[in-house]
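Numbering (mature numbering (1 follows the signal peptide of the UniProt record, and there is no 0)), first residue to last: -20 to -1, 1 to 484.
Some hints could be false.
[Unchecked claim] Capping the alpha-carbon separation at 30 Å, the derived lysine-lysine pairs in DSS-like fashion look like this:
id : residue 1 : residue 2
1  : K107      : K124
2  : K218      : K253
3  : K188      : K262
4  : K107      : K87
5  : K271      : K253
6  : K124      : K50
7  : K301      : K262
In short, the hints are calculated from the structure, not lab data.
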Amino acid sequence: RWYREFKMALPGVLLVRLRALCNLSKCGHTGGKTTSSRTRDMRWYRTKAQNFHEHNSSLFQNKQDGNLLKEFPDPKNLLNGTISRSLGVNDLSQFIQYSCTEHAGVKKATLTLQWPCKFEENGYASKKVDAERFAAAAACFRLKEMGLIGPNNQIPKRRAGRGRGGLHSHLYDEENGWIDDVSRASHCSSPIDVSGVAEALSLFPQPKSLLTRVIQVATSSSRVRELLHFKTVGGKLKKCELTLLWPEEMTFAATATSRAAAEKKAAALACVKLRELQLLDKDNNPLTHAKYHREKVKEAGERERRPLPLVIPEYLEQRMKEYLTQYPVATEVQRLWEEEEATGQQVNQQCEEEEEEEDSHFERLDDEVAATVFANRADFLDTDSVARLTSENFHTEVAQSSLTVALFYLKWDAVSMAFLNSFVEVAERLLESEVDDVQMSVVDCGEWTDLCAAQVWTDVPFQPITAFPSVLLFRPQQPAQLYRGMLGSEALHRFIMISRTKSP
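Let the sequences and hints guide you as you build the complete structure.
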């Protein structure tokens, strides 16, 4: 009987010893866990024997993650900073996703990275925060192998003049001799096409406003919506199609979680295309109207210089020959020279006499009358709400007001004359609102070329005006501020009211 009981109890004793060994192994791999978590882990080994291989690999991973945390003490911030600097974006929700599951008290965090290629890393811990840190550390290790993180865990620096061919990480200066190229990550299996949109937004932070200004300057039209069409469809994920009808019909598409973001991305892609077509200057600003129509300007110049054919009838040609025979050319030319010389002397004498008379006449003018004559030369508007700036009164007028808004225009420019009406309308609204700290003024650059060219002797606080119309804001003893908004009365009035408020 004793032998029979011993034989029946033997498998249970062996099972207990086997459990103890499993518990010892578990404690060796999870030194930082609590007693309760260890108990759950032992229960997991007991009830889920089919998952032993998976969890055993996770224990080995935890041991490896411990070494990774020594190499990357703050992995999540390092990962966010690396991707943000490389792509030039702040919203990383579409590039980094964390998902967490729990099994028998063990948290499993899965980190999915969408850039520079799509891959996943797992982390295991008793707490969700620690599991995510383990996964982020593993991802940092992968990026460091690709060359996107420096040897001393430096995050990349954004290059100032990067091209559209790809994104680069300038982690070291040229002195250190270590420049990383994201092309090392080209072996990844499933890249996504988001770098183009991110780079476009970094180059053009206000793409819709830039598109509007380009079309207004190029077409001399205020009906921008006829050449620029946005069409947005979709539910939670919006898809925007932008159709641009100038300089030719082009379509750009982008997706985002909101309509405004989708339209902004599509407009940024359109701006990149305009830059490729050399329709923007080196600072990504619109060109002049003449540069947008170089072919027409060239054709007009050639047409003016082209000689006109002249057909002479035979009878007239015969009479010309007879006249030249009767009156030789040399004799006739000599006679004409003598007549012109005599006429020139007579004209010079008359001019000298007229100048003497004018000098004597102006000497008799009173200083007050002369000042009135020159002052009347500046009157060209039928409103008192707008003042006229010249190279003679510029500094005086600017110093009299805390804020001077000046419109630089050309009379023969259609856009300038159209915007002049809106400018006068804003000035009248300010007078009606009793706004006395803003002076509205205009400058005719066709007449006061020295002021618009910002010549050195005029000592003006702005660069030469090359685009028309242009609106500048002047404050005493401060450099000028350029208005880059819409060419409309509402947008200009709103900008002026905001500019009145002093910055804290």
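Hints, verified against the model:
| no. | hint | in the structure |
| --- | --- | --- |
| 1 | K107 / K124 | 26 Å, holds |
| 2 | K218 / K253 | 22 Å, holds |
| 3 | K188 / K262 | 19 Å, holds |
| 4 | K107 / K87 | 6 Å, holds |
| 5 | K271 / K253 | 17 Å, holds |
| 6 | K124 / K50 | 15 Å, holds |
| 7 | K301 / K262 | 62 Å, violated |
Hint violations for this structure: number 7 only, all remaining hints satisfied.
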